[in-house]
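Number of protein chains: 2
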Amino acid sequence: MKTNQIILSKLPKGKLDIHHFHIQESDLPSAKDGEISVRTLYIALDAASRAWMQGDTYRPALQAGNVMAGIALAEVIESHVPHLTKGDLVIAETGWQTHATISADALFALPTLKPVTYLLSIYGVPGLTAYFGLLQCGKVEQGNTVVVSAAAGAVGSLVGQIAKIKGCRVIGITGSTHKCDLLKKDFGFDEALDYSTGNLEDKLRLVCPDGIDVYFDNVGGNILDAALSNMKKHGRIVCCGAISQYDSDTPKANVVGIPGQLILKSLTMKGFLLFDYLDKQPEAFHDLSTWVSSGQLRVVEEIFKGLEQLPKSLVGLLNGENIGKRIVQVADI
Amino acid sequence: MKTNQIILSKLPKGKLDIHHFHIQESDLPSAKDGEISVRTLYIALDAASRAWMQGDTYRPALQAGNVMAGIALAEVIESHVPHLTKGDLVIAETGWQTHATISADALFALPTLKPVTYLLSIYGVPGLTAYFGLLQCGKVEQGNTVVVSAAAGAVGSLVGQIAKIKGCRVIGITGSTHKCDLLKKDFGFDEALDYSTGNLEDKLRLVCPDGIDVYFDNVGGNILDAALSNMKKHGRIVCCGAISQYDSDTPKANVVGIPGQLILKSLTMKGFLLFDYLDKQPEAFHDLSTWVSSGQLRVVEEIFKGLEQLPKSLVGLLNGENIGKRIVQVADI
Numbered sequence: 001m002k003t004n005q006i007i008l009s010k011l012p013k014g015k016l017d018i019h020h021f022h023i024q025e026s027d028l029p030s031a032k033d034g035e036i037s038v039r040t041l042y043i044a045l046d047a048a049s050r051a052w053m054q055g056d057t058y059r060p061a062l063q064a065g066n067v068m069a070g071i072a073l074a075e076v077i078e079s080h081v082p083h084l085t086k087g088d089l090v091i092a093e094t095g096w097q098t099h100a101t102i103s104a105d106a107l108f109a110l111p112t113l114k115p116v117t118y119l120l121s122i123y124g125v126p127g128l129t130a131y132f133g134l135l136q137c138g139k140v141e142q143g144n145t146v147v148v149s150a151a152a153g154a155v156g157s158l159v160g161q162i163a164k165i166k167g168c169r170v171i172g173i174t175g176s177t178h179k180c181d182l183l184k185k186d187f188g189f190d191e192a193l194d195y196s197t198g199n200l201e202d203k204l205r206l207v208c209p210d211g212i213d214v215y216f217d218n219v220g221g222n223i224l225d226a227a228l229s230n231m232k233k234h235g236r237i238v239c240c241g242a243i244s245q246y247d248s249d250t251p252k253a254n255v256v257g258i259p260g261q262l263i264l265k266s267l268t269m270k271g272f273l274l275f276d277y278l279d280k281q282p283e284a285f286h287d288l289s290t291w292v293s294s295g296q297l298r299v300v301e302e303i304f305k306g307l308e309q310l311p312k313s314l315v316g317l318l319n320g321e322n323i324g325k326r327i328v329q330v331a332d333i
Numbered sequence: 001m002k003t004n005q006i007i008l009s010k011l012p013k014g015k016l017d018i019h020h021f022h023i024q025e026s027d028l029p030s031a032k033d034g035e036i037s038v039r040t041l042y043i044a045l046d047a048a049s050r051a052w053m054q055g056d057t058y059r060p061a062l063q064a065g066n067v068m069a070g071i072a073l074a075e076v077i078e079s080h081v082p083h084l085t086k087g088d089l090v091i092a093e094t095g096w097q098t099h100a101t102i103s104a105d106a107l108f109a110l111p112t113l114k115p116v117t118y119l120l121s122i123y124g125v126p127g128l129t130a131y132f133g134l135l136q137c138g139k140v141e142q143g144n145t146v147v148v149s150a151a152a153g154a155v156g157s158l159v160g161q162i163a164k165i166k167g168c169r170v171i172g173i174t175g176s177t178h179k180c181d182l183l184k185k186d187f188g189f190d191e192a193l194d195y196s197t198g199n200l201e202d203k204l205r206l207v208c209p210d211g212i213d214v215y216f217d218n219v220g221g222n223i224l225d226a227a228l229s230n231m232k233k234h235g236r237i238v239c240c241g242a243i244s245q246y247d248s249d250t251p252k253a254n255v256v257g258i259p260g261q262l263i264l265k266s267l268t269m270k271g272f273l274l275f276d277y278l279d280k281q282p283e284a285f286h287d288l289s290t291w292v293s294s295g296q297l298r299v300v301e302e303i304f305k306g307l308e309q310l311p312k313s314l315v316g317l318l319n320g321e322n323i324g325k326r327i328v329q330v331a332d333i
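Top line first, the protein sequences correspond to chains G and A. Be aware that the first sequence starts at 1, since it is given in the numbering used here, and climbs by one per residue. Be aware that the second sequence starts at 1, since it is given in the numbering used here, and climbs by one per residue.
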């Protein structure tokens, strides 16, 4: 059997573009004991995948010539493990390819639900990241003023809505007036600020005259600095991502207020990964599905069709094009 | 009555030097209701006073022409408040001058103890900063690997010793082999690293192969980055000072690992000020005095004599000359 693969042809210097990728056909290795072969259905796009090209993170750095890494919803077509059978759905690190043969160690059969892509958005990495980041890491409380950056993105749009459900005042930071409108009209944010025009520090001060209790940071860099300047005494900063730092050779030093602002205002800044809260997943699924069913939580997905759409979709996501979770459908379910 | 004052003649561009100051004689204002006049005995030097020239901090920014700000141990010579009488000792913001007339609102008479300068070191700002920073903000536990920067300074030398008392392994970072020797021989540190030669990140890795549990940061900048790279998963960083950022016009963005390292290792970074822990002062005084009496805690002070020594002493402190707490004696007690 063959698999169509998207290869990271070379590591980017500076910004990533579609010419860093090419497509190729390869033989699919046969599944051995402990392995399964899958047919990829939907591949999730994530800004963090650009950081995998910069060096080791929570996974080894990507190298030129690798199949581009990524997480997919996939269907088992051949199984050499007892706990999975043909037809089961799994979320797995398949990489950007139509078929993959992978270790089945940490995989399990997923329930079928509608729409099935929710397994990659609200019930997948972005949903759990928003939930645990805001509630466990950020410990938001009713009445808090919460600011979130990359607010129209997969994680940010959920963070803002969950904060509203928890009784907070919510301000989103995003990159266009169009997205600002969406945040307020479609996602129920109290305020939305466009970082691409004017002075963000001043704009934040206007909408948060009493300061920020919790800043949920998806971007780092200058926007983090603008938030630091507006934090309330004893405020909390949730470090979830650093999108502003990803699309270059290496991260740059560009946050001025560290450690100065942390000291002056006795701030706490805390990073987290999903793995930290694995034991609390059942609670998260319960809450998220309740809010989705009741219509309190709106899940937005952008779904493109065709393996060849992946490079363009990632480059666009890094340029801030997306609203909600960006997913590429590789095959019909 | 006259007072001799050291004036900040102009705000420094770049590094501070003694030519930014001049001495002048002024009339001492008479104390009105609610005020006292004092005779300054000992003035404490603190690297943070350079930051007061950069902008507003926990106090308004210093301006050209101001009497240089500073905290002193002083003797009341005239009192217009009932709770203080002539001869009482107080710690007060007198500024760099031989006599001062000041509001007595937040002042109280201090016990006499020997040496009296301990009121400015172990029982003053540096002692309480080390104690609360390490135990309350950093929450060190027995068996932790603790790293402290500016380790031979007023705060750092106490942080390391308190961490040893609490059963930690302690590594100090300082700026010369001479100070490294002192840290190990006189202060009981397990290891000491000279940041001025070689690659600090690599050196830290060698002495902390399993990573750092608590990093007590007095300096920010590159040294903070070297520590960030060596933190253990779920480690804590105590943000106490940013000496590397003080001696210039404005703080620079020069920490690369924020927020990346915080996310990858689920680190917590927390700033604090002494005011945060005012309610715990009795406990702190009890512990610190017990450790001083038993000889477990060694207090090192460098005392210079004469008001005119202040500018030179501060410039030297910013250049890393000092061991322990630097104090200038202005008058005999």
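Be aware that a few hints might be false.
Given that identical chains are not distinguished, each listed pair holds provided it fits within a single copy or across any two copies.
Stated by the list, open to error - Straight-line distance between alpha carbons at most 27 Å, and here's what the computed DSS-like set of lysine-lysine pairs gives: (1) K233 with K280; (2) K280 with K139; (3) K13 with K184.
Since the hints were made in silico from the structure, they are not lab data.
Status of the hints after comparison with the structure:
1. Proximity of K233 and K280 under a CA criterion of 27 Å is satisfied inter-copy only: 19 Å between copies versus 29 Å inside one chain copy.
2. Taking the shortest Cα distances, K280 and K139 sit within 27 Å of each other both inside one copy (14 Å) and across copies (25 Å).
3. Taking the closest pair of Cα atoms, K13 and K184 never come within 27 Å of each other, the shortest separation being 37 Å inside a single copy and 45 Å across copies.
Hint 3 from the earlier list is the only one contradicted by this structure; the remaining hints agree with it.
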